[in-house]
Amino acid sequence: MRKRWEKLTEHINKKGLDAMLVTSMINARYFSGFTGDNVTLLITGEKRILFTDFRYTIQAKIQSENFFDVREVQKSREIEALADEIKALGLKRVGFEEQTVSVGRFEEWKCFPCEFVPASEMLAEIRLIKSADEIENIVKAQNISDDAFLDILGRMKPGMTEKEVAVELEYRIKNGGADDIAFDIIVASGENGALCHAVPGLRKLAYGDLVVMDFGSKLNGYCSDMTRTVAIGEPSKKLCEIYRIVYEAQSIALDALKPGISCKALDAAARDYIASFGYGECFGHSLGHGFGLEVHEGPAASSRSEEVLKPGMTVTVEPGIYIEGLGGVRIEDCCIVTEDGHINPVTASKELLIIE
20 MRKRWEKLTE HINKKGLDAM LVTSMINARY FSGFTGDNVT LLITGEKRIL
70 FTDFRYTIQA KIQSENFFDV REVQKSREIE ALADEIKALG LKRVGFEEQT
120 VSVGRFEEWK CFPCEFVPAS EMLAEIRLIK SADEIENIVK AQNISDDAFL
170 DILGRMKPGM TEKEVAVELE YRIKNGGADD IAFDIIVASG ENGALCHAVP
220 GLRKLAYGDL VVMDFGSKLN GYCSDMTRTV AIGEPSKKLC EIYRIVYEAQ
270 SIALDALKPG ISCKALDAAA RDYIASFGYG ECFGHSLGHG FGLEVHEGPA
320 ASSRSEEVLK PGMTVTVEPG IYIEGLGGVR IEDCCIVTED GHINPVTASK
370 ELLIIE
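Going by this note's numbering, the first residue of the sequence shown is number 20, and it counts up by one from there.
Hints listed in this document are in silico derivations from the structure and should not be mistaken for laboratory results.
One thing to keep in mind: the hints can contain errors.
When the alpha-carbon atoms are kept at most 25 Å apart in a straight line, the in silico PhoX-like pairs for lysine-lysine are as follows [to be verified]:
1) K94 x K80
2) K369 x K176
3) K33 x K22
4) K256 x K369
5) K94 x K106
6) K223 x K182
7) K223 x K277
8) K111 x K80
9) K159 x K22
10) K329 x K257
11) K33 x K329
12) K277 x K159
13) K159 x K176
14) K369 x K159
15) K257 x K223
16) K257 x K176
17) K66 x K34
18) K111 x K26
19) K80 x K66
20) K369 x K193
21) K66 x K111
22) K369 x K277
23) K329 x K159
24) K182 x K369
25) K129 x K106
Label-pair distances were calculated between CB atoms; the ranges are [what the hints assert, rightly or not]:
26) F135 x A225: 31 to 39 Å
27) K193 x I145: 49 to 57 Å
28) K277 x A225: 36 to 44 Å
29) L172 x I77: 26 to 34 Å
30) R112 x E325: 46 to 54 Å
31) H216 x K22: 29 to 37 Å
This one's a predicted model, so the numbers in the text were calculated from it and none came from an experiment.
The beta-carbon is built from N, C-alpha and C at its ideal position, and this holds for glycine as well.
Let's have the full structure, built from the sequences with the hints guiding it.
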């Protein structure tokens, strides 16, 4: 926790700020360890103050390991308490999370005796490089997902609904030791596979279907993310073709995944291969994204990002082909960039598995 504070104060100084006001639960957890749903952090080079209400004061002291000065403040007095503290400390330029603060809240801050400076990107940059502890949690979360996937394969059968598969998968993730699922599980069968973010419904798995399953586990706040596409019975030649193309495109991108490559170049490695078979317009999303305390965070592995990958960054590699009226294929691994390549903690097979 001290290292994170030191990194933040370094960035505060570089940006010419006197302090940082942290108001989102995710960033408050990252910098303080506190997981309650009412929290505001005021951080300077010397002070670390955590504002919360009576329900959470003891929890905040424990989770922050007494590294923060925990202040009990009623919600109705939070604005006044913050303004008083900023005035008492003589703070003139205070960074804030402009991407998450509501217009209403920002209006309330106009009475504060300081200038507010947008600094969301500064916090996102600090979180880009994962520590050994963060990586350990991510790998353990992914191990739970792999086990759950292997278990569900033995239970899937024609006639099950997408929703039944999703419920079974969620149960196995939680029963396997996860705190929660990392995001709403996607199970998309048959023509529904063309919906990138399909919601599991009452459609029944049928022979000839491909079934796209996108899911993740959350452990100690950290998310994993994987996608596998399986077949119910023997799929058509067309579906087998697009599966092979996506499989090979992902393999090419994984071979290219190492420090020094730009996100744009990584995206192109898979995208160009898919386009060479005439399916470029059927791959409309980015190749991947970072993950950690949030399942979607930086860096963005997209055709628009010039960001260069560095050791400690995380990125998913998830090419896909989606054809309206037919279905879709997506294969995804969540990876951690290392000094000489990357770690891929996903162990589930990527060969096309056929469930009879």
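These are the hints, each one checked on the structure:
no., hint, in the structure
1, K94 x K80, "holds (18 Å)"
2, K369 x K176, "holds (19 Å)"
3, K33 x K22, "holds (17 Å)"
4, K256 x K369, "holds (18 Å)"
5, K94 x K106, "holds (19 Å)"
6, K223 x K182, "holds (9 Å)"
7, K223 x K277, "violated (41 Å)"
8, K111 x K80, "violated (28 Å)"
9, K159 x K22, "holds (23 Å)"
10, K329 x K257, "violated (38 Å)"
11, K33 x K329, "holds (21 Å)"
12, K277 x K159, "holds (22 Å)"
13, K159 x K176, "violated (28 Å)"
14, K369 x K159, "holds (20 Å)"
15, K257 x K223, "holds (21 Å)"
16, K257 x K176, "holds (22 Å)"
17, K66 x K34, "holds (18 Å)"
18, K111 x K26, "holds (21 Å)"
19, K80 x K66, "holds (15 Å)"
20, K369 x K193, "holds (23 Å)"
21, K66 x K111, "holds (15 Å)"
22, K369 x K277, "holds (21 Å)"
23, K329 x K159, "holds (22 Å)"
24, K182 x K369, "holds (23 Å)"
25, K129 x K106, "holds (13 Å)"
26, F135 x A225: 31 to 39 Å, "violated (56 Å)"
27, K193 x I145: 49 to 57 Å, "violated (31 Å)"
28, K277 x A225: 36 to 44 Å, "holds (41 Å)"
29, L172 x I77: 26 to 34 Å, "violated (44 Å)"
30, R112 x E325: 46 to 54 Å, "violated (29 Å)"
31, H216 x K22: 29 to 37 Å, "holds (36 Å)"
Of the numbered hints given earlier, the model fails hints 7, 8, 10, 13, 26, 27, 29 and 30; all others are met.
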